[in-house]
Amino acid sequence: MALLLNEDEKMLSETAEGFFKKKAPVTELRKLRDTQDEKGYSEALWSEMAEMGFAGVLVPEDQGGVDMGAMAAGLLAEQMGRNLSATPFFSTSVLSATALKNSDGDLAKAWLEKIAGGEAIVSFAIDEGVKHNPLGTETRAERSGNGFKITGSKVMVLDAHVADAHIVVARTGGEPGERDGLSLFLVEKTADNLDVERTIMVDSHNSGRLELNGVEVTADALLGTEGEGADVLDKVLGAGRAVLSAELLGAGSQAFEETVAYIKERKQFGKIIGEFQALQHRASHLYTELELCRSAVFAALSAIDEGDENAVKFAGMAKAKLGQVAKLAALEGIQMFGGVGMTDEYDIGLFLKRIRVLQELLGDGNYHLDGFAKENGY
Amino acid sequence: MALLLNEDEKMLSETAEGFFKKKAPVTELRKLRDTQDEKGYSEALWSEMAEMGFAGVLVPEDQGGVDMGAMAAGLLAEQMGRNLSATPFFSTSVLSATALKNSDGDLAKAWLEKIAGGEAIVSFAIDEGVKHNPLGTETRAERSGNGFKITGSKVMVLDAHVADAHIVVARTGGEPGERDGLSLFLVEKTADNLDVERTIMVDSHNSGRLELNGVEVTADALLGTEGEGADVLDKVLGAGRAVLSAELLGAGSQAFEETVAYIKERKQFGKIIGEFQALQHRASHLYTELELCRSAVFAALSAIDEGDENAVKFAGMAKAKLGQVAKLAALEGIQMFGGVGMTDEYDIGLFLKRIRVLQELLGDGNYHLDGFAKENGY
Amino acid sequence: MSDLETFKLETRAWLEENCPPEMRTPMKSEDDACWGGRNWTFASDAQKVWLERMAGKGWTVPTWPKEYGGAGLSRAEEAVLLKEMARISARIPLSSFGIWMLGPALLKFGNEAQKKEHLPKIARGEIRWCQGYSEPSAGSDLASLATKAEDKGDHYLVNGQKVWTSYADKADWIFCLVRTDSTGRKHDGISFLLFDMESEGVEARPISLISGKSAFCETFFEDVKVPKDQLVGEVGKGWSIAKYLLTHEREMIGGSGEGVTRPLHEIAAGSIGLESGKLSDPMLRAKVAEAEIDEWAFRLTMQRKLAEAKAGASLGADSSMLKYYGTELNKRRYELMMDAAGHDGLEWEGERSDEGKLARDWLRTKANSIEGGTSEVQLNIISKHILQLPGA
Amino acid sequence: MSDLETFKLETRAWLEENCPPEMRTPMKSEDDACWGGRNWTFASDAQKVWLERMAGKGWTVPTWPKEYGGAGLSRAEEAVLLKEMARISARIPLSSFGIWMLGPALLKFGNEAQKKEHLPKIARGEIRWCQGYSEPSAGSDLASLATKAEDKGDHYLVNGQKVWTSYADKADWIFCLVRTDSTGRKHDGISFLLFDMESEGVEARPISLISGKSAFCETFFEDVKVPKDQLVGEVGKGWSIAKYLLTHEREMIGGSGEGVTRPLHEIAAGSIGLESGKLSDPMLRAKVAEAEIDEWAFRLTMQRKLAEAKAGASLGADSSMLKYYGTELNKRRYELMMDAAGHDGLEWEGERSDEGKLARDWLRTKANSIEGGTSEVQLNIISKHILQLPGA
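Protein chains in written order, with my numbering: chain S, 1 to 378; chain C, 1 to 378; chain X, 1 to 392; chain R, 1 to 392.
Next comes chain S alone, as it looks inside the complex:
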């Protein structure tokens, strides 16, 4: 397992650090929010990310990507987490790209090319209820003519309203709760009987809902093998959770560092508040937890790249740990900032909001603790 970055990775990380700090800092998120930007992301930024190779970080070279792997994607996500950057990276370049590259077919290849080129946003529609529950999928796809007809509702679909296509997880067989019978479909935004609703979220990042009222797709819209989508899904969710963990690491670390900087300046009762030992111990504990988090994230990301059989499990473990610790970083931050932290003027509240969303996506800490126990047979 790679717990240290190699030279390429270090360089990528530094590049990403500079890029997002300059091009997509927190002020950019505020701008998107305060101007009620209709797209909810910057197209110019996304184009630049494509040029840098970021959009195609997981796309095979044959389709114009740089194919650098999960560790690279995680390093990018970490920096986006630090800057709360709002981009279609996670939906498109992580979730959908992983789904597409694990499905054969020309359609998949065509969309991978568009992703790498920054020409298409592809959302990944999996969740249906209040909590993440992939096997609970109820959306149905029934044979219809040469193709399929899809009916169901999807929530928490990141970048739904700006997506050119959606990858929709639906049942071609089996019952909710079962692993068998899941299939993945590519649904273009122009499809009939498809309603897309943008939902404005607490973190001011893009999300939405899909209503599929008998959406007709042709046979080639089926990605991979009918009824065996769960295997592809494992890869998508494994990569997704590991990358979300990396983004949580970035957001949590940034919240922590800004908090430490603040308590080094703020005075109360004639003392710098960072002099108070109670705060020092809490900060030191959090530092330690964040160090554990970094190890967990690196392990989860590198396991994917190494094809480790435990990769999906590690991703879940990292997600459990990161959700918990990043939340602690946000909560300690908001408390230590005190009154000013409650104002919209300071950034710590934005971190609190973003971390709440990130930790919920693709399964929260409780979900993954339970999953971990099940995985280990207890």
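Be aware that one or more of the hints could be misleading.
Claimed, not checked - Calculated pairs, PhoX-like style, for lysine-lysine (alpha carbon to alpha carbon, straight line, at most 20 Å):
{"hint": "1", "chain 1": "R", "residue 1": "K28", "chain 2": "R", "residue 2": "K357"}
{"hint": "2", "chain 1": "C", "residue 1": "K31", "chain 2": "R", "residue 2": "K213"}
{"hint": "3", "chain 1": "S", "residue 1": "K267", "chain 2": "R", "residue 2": "K384"}
{"hint": "4", "chain 1": "X", "residue 1": "K186", "chain 2": "C", "residue 2": "K313"}
{"hint": "5", "chain 1": "S", "residue 1": "K374", "chain 2": "X", "residue 2": "K278"}
{"hint": "6", "chain 1": "R", "residue 1": "K213", "chain 2": "C", "residue 2": "K271"}
{"hint": "7", "chain 1": "S", "residue 1": "K267", "chain 2": "X", "residue 2": "K186"}
{"hint": "8", "chain 1": "S", "residue 1": "K264", "chain 2": "R", "residue 2": "K384"}
In short, the hints are calculated from the structure, not lab data.
Chains C, X and R: place on chain S using the hints.
Okay, now just chains C, X and R, sitting in the frame of chain S:
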């Protein structure tokens, strides 16, 4: 619900405080332990407790008791908790007395009289496995002639090796896990086919095991109605858990107070360690938790005396909370005492040990959290 | 029949006759409250009539003396009145910092002229007050406030800035802590002033919070002239008035979780459902059970401390304990509610989420452990005054 | 074939021939260790032979220079040796504070005569050492030690008391921190002395612990004469030697949970069983899962920090982080094991419980976060050296 003590209760509490501090302080427990006392308790002390009316605190006046109720029993237990007093009070005067007074019959009355008079120790044998699980009882009592023949094993039977009789929970029907079919029997120590083994415990208080290899008892040894023992058991366990909570309150509070006293004296790095804010905040948090604990204990005890329909539920809630907080008090204590706390010379380690046992008895925090959720239908 | 019994029957009859039907339904939100004041627009005739009738009886401030607009009721009579109002779900006629905070302080520390001038207007809802305590650079260390009031003979000249002044943009007058002396100990030299928010040099700007909408303002004072007879108590002795009010506030905030009655497990079950009779998320189930038991023990502790206080014991520093635990517990409650609400709880706008109500409420709870003295300050107070740890 | 490959084959062959079969089984308890020393009684011929053969090769201290009793191996060769020993489950031939602690310090700070005198005897297990650091009134504040060494011309006269001296009652010599100057800063004026435990005026008394049996002693010095050539390093510069050794110790303790490999959930399932495939106690299940993930993340962090250290970064204050988290985690682990063991875990004597092994081990873990610098001290170090918080 009585959250304040009335004048009688205050007086009893003060009497008990003086009594146990003088007659059964921690040094007495050390003496019993270090001399490897065969009885594991002081008969002289127990006689005095009978004279004071403590032994018969729950025994009806008709049987020579003072019948003061659960709150009174709890106040006594709190002081025993503060002094780590080793007496047969809990097994005999709380568990067995509650069982006996909720069962009709001359035999029960006779034993209640002996209890009130300090003439008999009666152990209460319920648990069989590593964890508390009353409905899991496997010990069987089968009809045999005019009476019953009991077969099974019991563990964690407090005061077993010094008991004149044991109240044994056994199945006359039903299967492990079921509420129906439980019955209570009084088994005298002289019974054939009964093996009693003393087990030396971490807290140096009496406990043991019973092996019942077909113990024959007459029909009148059945306490209460055959197969309906669970109803009596509710009362026994409700009282037991509430009183254990009170003892935990005493032990936890004493550990806390000794810790606070210590950190007011101990110097490190040129400062009294109680000056360190990190310790101050932890101590203040613990103070607050202990205040919540006192409320929970009073509510649980008074609910029993008031015949509140939620009495058993409250006892479980109190046990869950007290187990957790008293443990925190012990752990914080051992850490704040530092090196000397690790030596047998200081008392804090004895509190750590005793609290570990108390929180395990009749269900630990996890057991009661789970039970609380079930009780509330979730 | 006892006097109290007679009072109860009379009260019931009067309420029956005088409380408009529209005022007998629970308030749906803070927006339904009546705050009064010079610029108040009544939401309905019923709201206006209800206030006037209650004020006429002195029942907006039932225990205040009659000469100051109250009804001179005993605590026991007040309890009867509140119970009878609750019986018919009558709304409180007037929400007011004047009633909750300034009134008690004036009754204790004000001179006769001040009481006569201000209390009746508070009672009738004619003047709406706000509180000028916190300052940007002071934070938890309230006593280090810097807003200066210079003695100019017949008036004070006030310069400085306050923050977290609730509804300062809507209030008519402010009660305000100012520094009249900066030479000695910081706790000395603080004075307690009252002045009109329409005075020249006063400006209030609402603060935008992480939860969005906010009643809080930043308030600026530039050469504000305040007549000297608007000083409450002695000059330089304002800190004791402030402390008196802070204890009040702490108790109010500590108990703020009290009214919330819907059990957490019901909320959670409603959102994520049960499986074989258990919450479908076993890990959340454990945390909910733990929180519910803590809520139970905390409620009991509030009751116990109140009972002790009634029995004559002073609550003292225990109010810090209640404030600390109550606010931390409420934050925990909202974290768990957010966990249970999952994706739905993350919405910020739109009808489905009632404009992000849960998310905004959740964010709002983060201030619980900051306002009215941070959790850290409460723990310091417990360390010092209860545990008597050295140097605390 | 590479040199390392050759070395491996040679080592394998030598071990095969020289390691007695009895020394190829895992140690059952601490009692099976060989500590050596003047009064050592070998548990078996095999133990004696194994020590002599290994010492003969210099392999009790493989990386020490040959002239001091070592084999002068490179780190890479040492790794091969350890791996080959592990391959046949060979026991370590000698447990020794001389090897683990004093040796490295002497190699770095000792003069030639001292190295020549002491190191070979350590390597051969002829002299058993103990460590005289802690004092009753100093505790965490090690540098405030009071044991005095007065300069008497040709010798120091040592008076004072040490505590927590492991195996002081069994050791032949002690390496000991003493105060040679009490006028300046407390960190100055500390010196590092070596002396024979059989010197007149030395007395060691074992300490009884809450877990029962204990290797720890209180050690008293009354007018103990120590020749001046037994001072290591400069007079008054002993603190830098102490710090060097403390960092070593911290890393050892932080990693003490490392060797424990049986997963918590297996232990728990073995004790309380499963129901429908889940641990029968759902609340314990949640805590076990959380602890296991933390153990995983902690193990990874140990590996990562070691990898960073190998890559040239200094571990520095991060050793405090590892010490803090590792010991707290180990305590949590034992609390959970006690929860899972239930009634069985409460037994203190008797065969069934292996003489209360779990309970005693559980109690023993409570010292983890105290010895080698308390958790609080580690958090202070992180605050100061890593976060650089003011006044830390």
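Here's how the hints hold up against the structure:
no.	hint	in the structure
1	K28(R) / K357(R)	13 Å, holds
2	K31(C) / K213(R)	19 Å, holds
3	K267(S) / K384(R)	18 Å, holds
4	K186(X) / K313(C)	52 Å, violated
5	K374(S) / K278(X)	17 Å, holds
6	K213(R) / K271(C)	33 Å, violated
7	K267(S) / K186(X)	15 Å, holds
8	K264(S) / K384(R)	12 Å, holds
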